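Let the hints inform the model, and build the full structure from the sequences given.
There are 2 protein chains.
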Amino acid sequence: MRTVIVGGVAGGMSAATRLRRLDEAAEIVVLERTSYVSFANCGLPYHVGGVIEDRASLLLQTPESLAARFRLDVRVSTEAVSIDPDRHTVAVRNVVTGETSEITYDRLILAPGAAPVRPPIPGIDTAYALRNVEDMDALAAKVATSGSAAVIGGGFIGLEIAENLRHRGLHVTVLEAAPQAMAPLDPELAELVHRRLRDNGIDLRLGVAVAEVSPTGVRLADGGEIHADLVLAAIGVRPDSGLAETAGLTLGRGGAILVDDFGRTSAPDVYAVGDAVAKRDALDGSEVLVPLANTANLQGRRVADHIAGAALPFRRISGTAIVGVFGLQAAVTGWNEKRLVAAGRPHRIIHTHPTNHAGYYPGASGLAIKLLVDPETDAILGAQAVGEEGADKRIDVIATAMAGGITASGLADLELAYAPQFGSAKDPVTMLGFVAQNLREGLMESIQWHELEGALAAGASLIDVRSAGEFADGAIPGAINIPVDELRDRLSELPDGDLIVHCAVGVRGHTASRILHAAGRRSLNLDGGYRTWEAATA
Amino acid sequence: MRTVIVGGVAGGMSAATRLRRLDEAAEIVVLERTSYVSFANCGLPYHVGGVIEDRASLLLQTPESLAARFRLDVRVSTEAVSIDPDRHTVAVRNVVTGETSEITYDRLILAPGAAPVRPPIPGIDTAYALRNVEDMDALAAKVATSGSAAVIGGGFIGLEIAENLRHRGLHVTVLEAAPQAMAPLDPELAELVHRRLRDNGIDLRLGVAVAEVSPTGVRLADGGEIHADLVLAAIGVRPDSGLAETAGLTLGRGGAILVDDFGRTSAPDVYAVGDAVAKRDALDGSEVLVPLANTANLQGRRVADHIAGAALPFRRISGTAIVGVFGLQAAVTGWNEKRLVAAGRPHRIIHTHPTNHAGYYPGASGLAIKLLVDPETDAILGAQAVGEEGADKRIDVIATAMAGGITASGLADLELAYAPQFGSAKDPVTMLGFVAQNLREGLMESIQWHELEGALAAGASLIDVRSAGEFADGAIPGAINIPVDELRDRLSELPDGDLIVHCAVGVRGHTASRILHAAGRRSLNLDGGYRTWEAATA
Ligand SMILES: Cc1cc2nc3c(=O)[nH]c(=O)nc-3n(C[C@H](O)[C@H](O)[C@H](O)COP(=O)(O)OP(=O)(O)OC[C@H]3O[C@@H](n4cnc5c(N)ncnc54)[C@H](O)[C@@H]3O)c2cc1C
Ligand SMILES: Cc1cc2nc3c(=O)[nH]c(=O)nc-3n(C[C@H](O)[C@H](O)[C@H](O)COP(=O)(O)OP(=O)(O)OC[C@H]3O[C@@H](n4cnc5c(N)ncnc54)[C@H](O)[C@@H]3O)c2cc1C
Ligand SMILES: CC(C)(COP(=O)(O)OP(=O)(O)OC[C@H]1O[C@@H](n2cnc3c(N)ncnc32)[C@H](O)[C@@H]1OP(=O)(O)O)[C@@H](O)C(=O)NCCC(=O)NCCS
Ligand SMILES: CC(C)(COP(=O)(O)OP(=O)(O)OC[C@H]1O[C@@H](n2cnc3c(N)ncnc32)[C@H](O)[C@@H]1OP(=O)(O)O)[C@@H](O)C(=O)NCCC(=O)NCCS
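As they're listed, the protein sequences go chains A and B. The opening residue of the first sequence carries number 1 in full-length UniProt numbering; numbering runs sequentially from there. The opening residue of the second sequence carries number 1 in full-length UniProt numbering; numbering runs sequentially from there.
Keep in mind the hints are simulated off the structure, nothing from the lab. Please note: incorrect hints may appear among the correct ones.
Said to hold, decoys possible - Restraint ranges, calculated between C-beta atoms of paired labels, are given here:
| id | chain 1 | residue 1 | chain 2 | residue 2 | range |
| --- | --- | --- | --- | --- | --- |
| 1 | B | Gly359 | A | Ala177 | 35 to 45 Å |
| 2 | B | Gly359 | A | Arg2 | 25 to 35 Å |
| 3 | B | Thr62 | A | Arg490 | 20 to 30 Å |
| 4 | B | Gly363 | A | Val341 | 35 to 45 Å |
| 5 | A | Pro179 | B | Gly363 | 30 to 40 Å |
Being a predicted model, the structure only gives us computed values, none of them experimental. Where is the CB? At the ideal position from N, CA and C, for every residue including glycine.
Structure (structure tokens):
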């Protein structure tokens, strides 16, 4: 029984090794177009930047090592050029010699990954891209002779590359067509990333359209010119599904290969995994494109299980992801506010600004966390966290809570490890549970930063319950300062009508709103306080 | 309506502030025996060590700040000396003036915490202890004039103090009666903590009994003498339930105050929370003593909710905890093997030794993880993790998975945030899921380090599938070295009879055992490989 695998990295090679462990007798052939297999895609930007010095450390396996340990027949520089699903054959071309041949399969696994998006911009083909080891080598060589770079695209990969080019001393401009970088984040959290980029010398241009790419730089739609010795396109990736399409396999959203819960395509005995396939969203079951390594690896393993005779279904996807940007962690899981709004899905929002560990222990740093909650069911819809440290932990915990069906209020009951170096007696995640419970039970009503202007225009008054010193350092226009500790004695100073209270982050605002409630005044607490408002409106 | 609270720190003050937010009109009186409230107990050792330089940062609130913000009537240096549940009164003594008085309550919350255990050892009363700010000041003063210290007790607090005394330059001996420090860990993981302590100059003595304490040191039961300018006892804590006991309240295990799911004691209108009460174990519902801050705070908040009219029940407890030991993190949740064995509860064990993040990214460090699984239901029973970094995250994720009812095999489906600085495409937690699934499905059979000797004595052969170089650097006595990559060609060299395979951590052993399986040979993979065995048998 011969299994042929197209693509020899995350999904493909995970399938190959697992299949060998399940079936010592299987014939397993891996076809890989580039000269390398099992390389660490995710480390490529860091070798360009010199952070990962040892290039060899990115090459986790070789055809030889895989033959020795797993008896895999790994053929590099070998491209699958077409598939005949009826005859169960793959036409193969040696990309060095140009020689072609045919190989038959009993089972075929497609793991071709995703290719950089190339929008129809004149000259875009001269831009560098980063997908594989060859790309990395070419980019690194170019970097060595370049003084400046323009990176088109402010997503995960674009920002990683921008940071690494900066490490290498280049002047770096990042061009992003959207009004914010890092699309998985909502704008008020993305702003923290923008600041970090700019603080580190990145020339970040938002809302700019590239009209033309040339060897000397980029021309913008607004006529502006950006000189750059090196232009790199990181506008996103699309499923590398050409082979599947030509073979007549059913494609789904965005050209992704459509598979069932066990990775089976529309053709018998043909499976597909990883970046090339459409995944199922954990929240609504819709097709989603989430090109991430953990899912690619897991799907590869699951398909091997299925071929060997038994498999659990593919998991549904929340898109949990993280990126480091000049020491700042930005992590996400589930849906963000933009997506919920676009889908017209009701949601409750919570912003908090805790420290990663007890404030009294040296080295505590700030986190900005956002939780999105279903107001009907209290289910967690998504979360985002940005900070120096501990954003990864909180998003992993929330992603796990979502997987376990723990509600937003239920986060309060999580028993998380606490010592002052590592967390807080009320961990940031637990605290989200408290706030969620308060909102759910109507103990607190909140208002979002983008609702403030409308509410004030409609006649509400804004009470800033921070200290006089904080107020003097910067305040929301129109706010009246009454520190929370004086509020009980100064109730008579409050204007009539609707009240909005706010503090720096929401904690004192919560206590103030409870005081006002007892005094018979309804108030809304500005969610996330001054800190969220300030970032959102910057 | 007056609520009186005994104890003004974690549980007590959390109840007070929450109650104020729920009921602006309530009269809330907090009685605290010491001169301080709302202090950071967990930070005390670090101020002694000079890590937290600013003493004031440990004093999170004062009676004045709590009066201003929460209108609390906080009375420090005020001890509750007796309770009359029938008359709803508390007799109170000013510990400075000796004056006594009586206060009536509508509701009473007992949050007296836990007191250091003082076993009946002659001279033990001359030993220092660390529970509150006064203790800290006394200890810090003594440290300033001491060159050496003996710490009796190798638990969380003992080790934190030992580390901090070392920071201050003292010669430190830790005396532990059990054969291992850090009882929540099983011995093979505790050994990593032992090494860290010794590498940092701690004179760690295990299995020693203290016979007498004197101002010049400690005499051991075996006659040995340890000179120490300072002797500190950190043998554990016991519920400070004397007040409750005298008042006739029902006590439970270990003298803890017995409460129902809403914190109600046996006396009407009297609640109790925190270290003083018996908690309910998440696994078997039994009474457990888990003196930790997160639970104390949460219980305080929940009791306030109950008094104000509505509350969720107390959560059941898994004992999730963490301690830092000279930069090493040791974290636990749920039951350990010792406890499962003592309870006669069937369990499956998994040891892994992953890195905290992708090995190819600079700065990766090792983790030792242990997962305990119910062989019937696949439920996670507990976990332990020790390492430089990322042990906190993995234990928090596993604790959350347990709370969400995710099975051990289900960990494989967690979607955790991955970029090379923060994790692995197969995160250590995901990997535990793979191993759990393999064991569950019989794809791999494993043997524990403590079962090895017996198996070898019964005639099994041990095959070390590491490389020749690794074998030469240190091997298990009696092992035959056949590197996994050569195994297929050297099957004929294998002895007859039962086979046990092992590698460094278990990964190659797993592949080897699959090769042997296909060759018709049953084999057991030594769980955790050489690394677990080496630590366990050291
Ligand atoms: C620069 C960069 C950084 C990244 N960082 C992260 C990160 O931090 N975290 C994360 O989760 N993910 C990250 N990713 C994404 C991650 O690498 C992918 O999700 C994962 O590798 C997808 O696995 P796959 O098996 O589907 O495809 P790949 O791993 O890309 O493998 C597909 C392989 O198939 C080969 N191939 C394609 N077509 C053919 C053909 N016709 N014949 C033969 N071979 C073919 C390709 O050459 C390629 O080597 C990053 C990706 C890049 C490029
Ligand atoms: C040195 C040290 C380090 C610690 N480190 C950690 C850690 O890293 N992580 C963690 O989770 N936990 C840690 N803890 C435990 C944590 O501090 C406790 O679990 C938590 O404080 C318990 O809260 P509580 O409200 O029950 O009791 P406490 O916070 O101890 O408060 C009880 C208060 O009640 C007062 N009191 C007692 N009896 C009376 C009376 N009759 N009248 C008036 N007042 C009275 C006491 O003086 C005391 O101040 C540590 C504890 C110590 C001592
Ligand atoms: C490395 C690669 C070849 C896969 O090899 P692999 O042998 O399947 O994977 P690992 O070395 O991680 O080992 C995992 C196996 O060890 C087992 N294992 C892990 N720890 C174990 C332990 N302590 N005891 C026993 N077994 C253990 C796992 O269960 C798993 O086996 P299974 O799949 O049969 O359940 C493939 O993932 C790859 O090419 N990766 C590089 C590319 C990539 O992932 N890029 C994207 C991210 S940068
Ligand atoms: C600090 C202490 C006095 C409690 O004060 P507190 O006001 O209840 O607690 P916090 O300052 O943490 O604030 C928590 C409140 O803010 C709310 N909150 C937090 N972030 C918020 C946000 N962004 N928006 C709105 N509300 C928010 C929470 O919901 C919670 O209110 P709730 O209980 O009504 O739900 C008490 O815990 C204490 O004395 N601690 C020190 C002692 C101790 O814990 N020792 C052991 C560990 S070292």
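Tested hints:
1. B:Gly359 with A:Ala177: 35 to 45 Å: holds, 36 Å
2. B:Gly359 with A:Arg2: 25 to 35 Å: holds, 33 Å
3. B:Thr62 with A:Arg490: 20 to 30 Å: holds, 22 Å
4. B:Gly363 with A:Val341: 35 to 45 Å: holds, 39 Å
5. A:Pro179 with B:Gly363: 30 to 40 Å: holds, 35 Å
The structure shown violates none of the earlier numbered hints.
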